[in-house]
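*Asks:* Protein chains in written order, with UniProt numbering: chain A, 1 to 159; chain B, 1 to 159; chain C, 1 to 159; chain D, 1 to 159.
It is worth saying that the hints were derived from the structure and are not from the lab. It should be emphasised that the depicted structure is a prediction, and the values quoted were computed from it without experimental measurement. Glycine included, C-beta positions come from ideal geometry on N, C-alpha and C.
Chain A regions said to be covered by chain B (calculated; three or more residues, Cβ under 8 Å): (1) 45-57; (2) 68-80; (3) 96-106.
Simulated DEER-style distance windows between Cβ atoms: (4) Val38(B) to Glu137(D): 51 to 57 Å; (5) Glu86(B) to Glu39(D): 43 to 49 Å; (6) His59(C) to Thr48(D): 22 to 28 Å; (7) Ala18(A) to Gly22(C): 49 to 55 Å; (8) Ala12(C) to His59(D): 19 to 25 Å.
Number of protein chains: 4
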Amino acid sequence: MTAAPSSDFQPADADFAARVRGSFAQQAAMALIGAELVEVGPGRIVMTLAHSARVTQQHGFIHAGIVSTALDSACGYAAATLMPAEAGVLTIEFKVNLLAPARGPLLRIEGRVTKAGRTISVADGQAWQPHPTRAGEDQLVATITATLMTVTGRDNVRH
Amino acid sequence: MTAAPSSDFQPADADFAARVRGSFAQQAAMALIGAELVEVGPGRIVMTLAHSARVTQQHGFIHAGIVSTALDSACGYAAATLMPAEAGVLTIEFKVNLLAPARGPLLRIEGRVTKAGRTISVADGQAWQPHPTRAGEDQLVATITATLMTVTGRDNVRH
Amino acid sequence: MTAAPSSDFQPADADFAARVRGSFAQQAAMALIGAELVEVGPGRIVMTLAHSARVTQQHGFIHAGIVSTALDSACGYAAATLMPAEAGVLTIEFKVNLLAPARGPLLRIEGRVTKAGRTISVADGQAWQPHPTRAGEDQLVATITATLMTVTGRDNVRH
Amino acid sequence: MTAAPSSDFQPADADFAARVRGSFAQQAAMALIGAELVEVGPGRIVMTLAHSARVTQQHGFIHAGIVSTALDSACGYAAATLMPAEAGVLTIEFKVNLLAPARGPLLRIEGRVTKAGRTISVADGQAWQPHPTRAGEDQLVATITATLMTVTGRDNVRH
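Using the sequences and the hints, build the whole thing.
*Replies:* Have a look at this one:
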């Protein structure tokens, strides 16, 4: 038994990629933490997050919250790709599991829609980095499950 | 039926406050996002998080991930106050619920230990801000539950 | 800074208690696991969950999932107390932390609304039992945070 | 970038399948809710959960908590397949997202290890059912992420 692959998602807004890229550019927090948007597909986002001294915790690794910030955006924008042009996306909640210290130098951040609902969507994501000891392999740094809400009209303005 | 209040926690390390303040000062990410450490008690942390243009999302509110970053640190350090001097604290996972847009101007970030275990601890936290329409009231912006691990020896170095 | 106490919640439906008790009685799963409804207040539910051989895991404690089932119902009905008479409540997601083995003989299960929204509500809950070694004290067995949705009309039927 | 497939996991205990099946048989709660163990592989479990009147909520669907109970066991036993023979497995916490009403008649419950650590493991799982309107397709009912702990010696007895 398998879930529908992301490629089956039919965006309601043909210009979803431009819309998502425009919104991402307005998230000052993404520039602050060193996150960049790499791919925008139907129900799917790929970003990168760079290690730098300013995003670290006390041991020199990227702070778990900073990794989570990138993962949250990846999930939110993955959901946004499937929403109507006039809608906004709101994160209701998310949960992250931190599996390995985030050493970098560059994390790959992925977000994919697991369920696209009219009001509520769910997206899952992963953060990867080059494995510190196994050449050619990637290491899973963190996973996320996020619940997103489609907001329109006054709600969109309000949030 | 009530849980033991935080004041019942007996820190294993009498210098817990200085240790936590020193570690916090080494978290470059805290300065980056505008978070400051206000109170350090046994099993309890209070921080502030300031709104500024650089931590915002596309609607001008503080990015949910940035609020989560402060909440994660508050929970981690709340757990750290009860750990032995030589131990380190590692966030295994956390879950946040986002209840209101983070407008600021200054969020109060609290973290409290719910269970202090030898290996695994659990902490809960809240982010508050002045209510945007009800004078004199505070508004709950977000809640967190975090699972922390006490790491010692080689594990402490590794992470 | 403190959250509004539960007593501040104003139910939209004066008959909320009868409505919730009626719905609870229709949840066959509650009888199956040995859960009973004790108190129904505005934004607040108290239940009990009895230890019995049939709800155990391999070590003789109540299965974590069974404790979670009671906690989920407590949160869902706490949210339902504040909903319109014609609305239904749907659990979108929940997270539980398991803090101590569930020995019983009788767990006290509490659910309280943390935020009551028009569409989305959040409730938190706890499971308590008599402390196994400290006479007169209670032990926290598990905590839950649940996200609930108010469903009306066709959605209510569909789910 | 891809994670190591489950088939790469090397069980520490050659008799893991018999051990897991024996433990599952001792979980009275599994029989109570109608869950059966179907497959036991390295880092992977498949179970079924049958719809019956006694596990339902007020609308006749399987209670979200009952689905979660099966998912929790699937994740716990998936982690247990990779643990030493003398170890026990303990669920620290889990989060479930509920994506569709659980109609049955038979749910397929899967659990897979995402990270197998010495002390802490993380497993993810899914519950599927035949799609109610699209013949030949399956519908995703719920997802879980669970954090598990390897317990040995006195801890194993205690829990």
